[in-house]
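Engineer: If you want the building blocks of each chain, they are given just below.
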Amino acid sequence: GQSLEQPSEVTAVEGAIVQINCTYQTSGFYGLSWYQQHDGGAPTFLSYNALDGLEETGRFSSFLSRSDSYGYLLLQELQMKDSASYFCAVRDSTDKLIFGTGTRLQVFP
Amino acid sequence: GAVVSQHPSWVICKSGTSVKIECRSLDFQATTMFWYRQFPKQSLMLMATSNEGSKATYEQGVEKDKFLINHASLTLSTLTVTSAHPEDSSFYICSAYSLGTSGRTYNEQFFGPGTRLTVL
Numbered sequence: 001g002q003s004l005e006q007p008s009e010v011t012a013v014e015g016a017i018v019q020i021n022c023t024y025q026t027s028g029f030y031g032l033s034w035y036q037q038h039d040g041g042a043p044t045f046l047s048y049n050a051l052d053g054l055e056e057t058g059r060f061s062s063f064l065s066r067s068d069s070y071g072y073l074l075l076q077e078l079q080m081k082d083s084a085s086y087f088c089a090v091r092d093s094t095d096k097l098i099f100g101t102g103t104r105l106q107v108f109p
Numbered sequence: 001g002a003v004v005s006q007h008p009s010w011v012i013c014k015s016g017t018s019v020k021i022e023c024r025s026l027d028f029q030a031t032t033m034f035w036y037r038q039f040p041k042q043s044l045m046l047m048a049t050s051n052e053g054s055k056a057t058y059e060q061g062v063e064k065d066k067f068l069i070n071h072a073s074l075t076l077s078t079l080t081v082t083s084a085h086p087e088d089s090s091f092y093i094c095s096a097y098s099l100g101t102s103g104r105t106y107n108e109q110f111f112g113p114g115t116r117l118t119v120l
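Chains P and E are the protein sequences, given in the same order.
In terms of the working numbering, the first sequence is numbered consecutively and its last residue is 109.
In terms of the working numbering, the second sequence is numbered consecutively and its last residue is 120.
For reference, chain P alone in the conformation it holds in the complex (with noise of 0.2 Å):
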């Protein structure tokens, strides 16, 4: 089977940096895709890994390891609109998406 695991919450203050971690276990790999969703909204791209190492953009940094089929979104400089769910994903050789179980991150003041 596929899986994709996640914590399940995380929780954080303003100005903190959290990392939030996923591990894969998929059928195919093409890359780790990481998206954000508020509550009822659809998912933003955030990031996409397909090689080893680390990729950042602005506040948001994401890093891959193939070979330990893990990969971490880490948020900088957390602000109260970063509170959401995010979800990695894997991108697998047909271009679907099988998204990971979710972490609902709140940060507070």
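There's no promise every hint is true.
[Claimed, not checked] Below, in silico cross-link-like pairs of lysine-lysine (DSBU-like), each with a Cα-Cα straight-line distance of 35 Å or less:
1) E:K64 to P:K81
2) E:K55 to P:K81
3) E:K55 to P:K96
4) P:K96 to E:K41
5) P:K96 to E:K64
[Unchecked claim] Some chain P residues near chain E, calculated using beta-carbon distances under 7 Å:
6) P43
7) F45
8) G53
9) G58
10) Y72
11) Q76
12) L97
No wet-lab data here; the hints were simulated from the structure.
These numbers were taken from a predicted model, which means no experiment stands behind them.
Think of the CB as a built atom: it goes at the ideal place given N, C-alpha and C, for glycine as much as any other residue.
Knowing the structure of chain P, use the given hints to seat chain E on it.
Structural biologist: Just chain E now, with coordinates in the frame of chain P:
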């Protein structure tokens, strides 16, 4: 970025009726679109891959006769929930990749705003 729209944004229907949801790529052509279902506080579950001009590919466990998908053009895919029942109440989301000038898809999958279906 590319824009994907869905219509309606929400719908309430009686048990036994059919509901059609439209997904459009507004500023790009999409040969492939994807349909997801999301229950409250859960992840997105891929239901099917919609291919323009051919039959949709359904994920294991998704009833193709209940969830009819038609990808009639490069900018429109429709999902029809037939004989809807309360257990079909969910958030339905479509998505698509846009193609770059080289013909390859970008890494970002663009999602529609979703359709909330409530079956009474």
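Engineer: Now look at each hint and say whether the structure bears it out.
Structural biologist: Going through the hints against the structure:
1. E:K64 to P:K81: Between K64 (chain E) and K81 (chain P) the Cα gap is close to 39 Å, so the pair fails against 35 Å, i.e. violated.
2. E:K55 to P:K81: This hinted pair is violated, its Cα atoms lying about 41 Å apart.
3. E:K55 to P:K96: holds, 16 Å
4. P:K96 to E:K41: OK: K96 (chain P) and K41 (chain E) at ~22 Å, within 35 Å.
5. P:K96 to E:K64: holds, 18 Å
6. P43: Hint on P43 (chain P): holds, closest Cβ of chain E at ~5 Å, below 7 Å.
7. F45: At about 4 Å, which falls below the 7 Å cut-off, the nearest Cβ of chain E leaves the hint on F45 (chain P) intact, so it holds.
8. G53: Since chain E brings no Cβ nearer than about 15 Å to G53 (chain P), farther than 7 Å, the hint is violated.
9. G58: With a minimum Cβ separation of about 15 Å from chain E (threshold 7 Å), the hint on G58 (chain P) is violated.
10. Y72: violated, 17 Å
11. Q76: The hint is violated - Q76 (chain P) has no Cβ within 7 Å of chain E, the shortest such distance being about 21 Å.
12. L97: holds, 6 Å
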